[in-house]
Amino acid sequence: MKIPVNDFNWAGGERYMVSLRIVGSGFNFLTDAIIDTGSPWSIIMESDLKAKTRLPYSRLPKYKTVNLITRIELLELSGECKLIFRDTDNNAVQFSHKMYGGMFVDRNVQLTQAFPSFIGKDFLDKNNLFIGKRDEKGRRYLEN
Amino acid sequence: MAAQIINDSVTVQLLSDFEKEAEWFFQKYNSFKDEYRGKYVLVKNKKIIAVASDFETLQKKVKELGLDITSSFIKYIPEKDIVAII
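Here the protein sequences come in this chain order: A and B. Counting along the first sequence from 1, when you hit position 63 you're at 63 in this note's numbering, and nothing is skipped either side. Here this note's numbering = 1-based position in the second sequence + 144.
One chain only, chain A, in its complex shape (with noise of 0.2 Å):
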């Protein structure tokens, strides 16, 4: 299984990104995420939350505040939710995963509606999953 991934330049520098849809307890989107190997969340940030849900996601009971470029609240969001992504041979490929939701503390316009949500290493970890090396078309995928 090979997914697409793309080196997206965003806030200053080249970030590794995926276009998936999340389906959870009341929303069901698509959205890019960051891939980021130094989180050990999952997290759909607000600017999708707000976007792209009708989660009363500022009421939503706090897991723990975390700090990114500036003091994010983990907010818990019911259940485990599906991750679809397209897969190279144009396959719908699923996988179940706890996310949280993450709320900015400074209510920066700037910061909540323009962060992405993100992909961390949990998932990463709980299925095997890496980011290949280049192909010859100079294209990276999240491979198993």
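Quick caveat, the hints were computed from the structure, so don't treat them as lab data. Some hints could be false.
Sample of chain B residues lacking proximity to chain A, with all beta carbon distances greater than 10 Å (derived) [stated by the list, open to error]:
(1) 178
(2) 190
(3) 193
(4) 204
(5) 207
(6) 219
Simulated coverage check for chain A against chain B, where a stretch passes if three residues somewhere in it have a Cβ under 8 Å from a Cβ of chain B [said to hold, decoys possible]:
(7) 54-62
(8) 93-99
(9) 134-141
We treat Cβ as the ideally placed atom computed from N, Cα and C, and that holds for glycine.
Please build the complex by placing chain B on the supplied structure of chain A, with the hints as guidance.
Same frame as chain A, now just chain B:
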């Protein structure tokens, strides 16, 4: 639960389209960011087809265009560039 291949051709097509919009957006970002700073943009078929200063207005425009917000490529362009280590 391990990865499962599911029968969902609709999602495959939507993701394929979404990936193309994302690729266009990030590759062309520097060419349009100054024009749309502080605004929400909707990208469709590799073009910015709607712009609004607040999300609720963009949401209305998405509806008027007959699009589904949950599968639309929407981005907020910050007033100043964000530089982050993550």
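Verification of the hints:
1. 178: It holds; residue 178(B) is separated from chain A by about 15 Å at its closest Cβ, greater than 10 Å.
2. 190: Answer for residue 190(B): holds, closest chain A Cβ roughly 15 Å.
3. 193: Non-interface label stands for residue 193(B): nearest chain A Cβ at 16 Å, farther than 10 Å.
4. 204: holds, 13 Å
5. 207: holds, 13 Å
6. 219: Answer for residue 219(B): violated, closest chain A Cβ roughly 8 Å.
7. 54-62: violated (count 0)
8. 93-99: That given contact holds, which follows from 4 residues of the segment 93-99 of chain A lying within Cβ reach (below 8 Å) of chain B.
9. 134-141: Violated: only 0 residues of the segment 134-141 of chain A have a Cβ under 8 Å from chain B.
Of the numbered hints listed earlier, those contradicted by the structure are 6, 7, 9.
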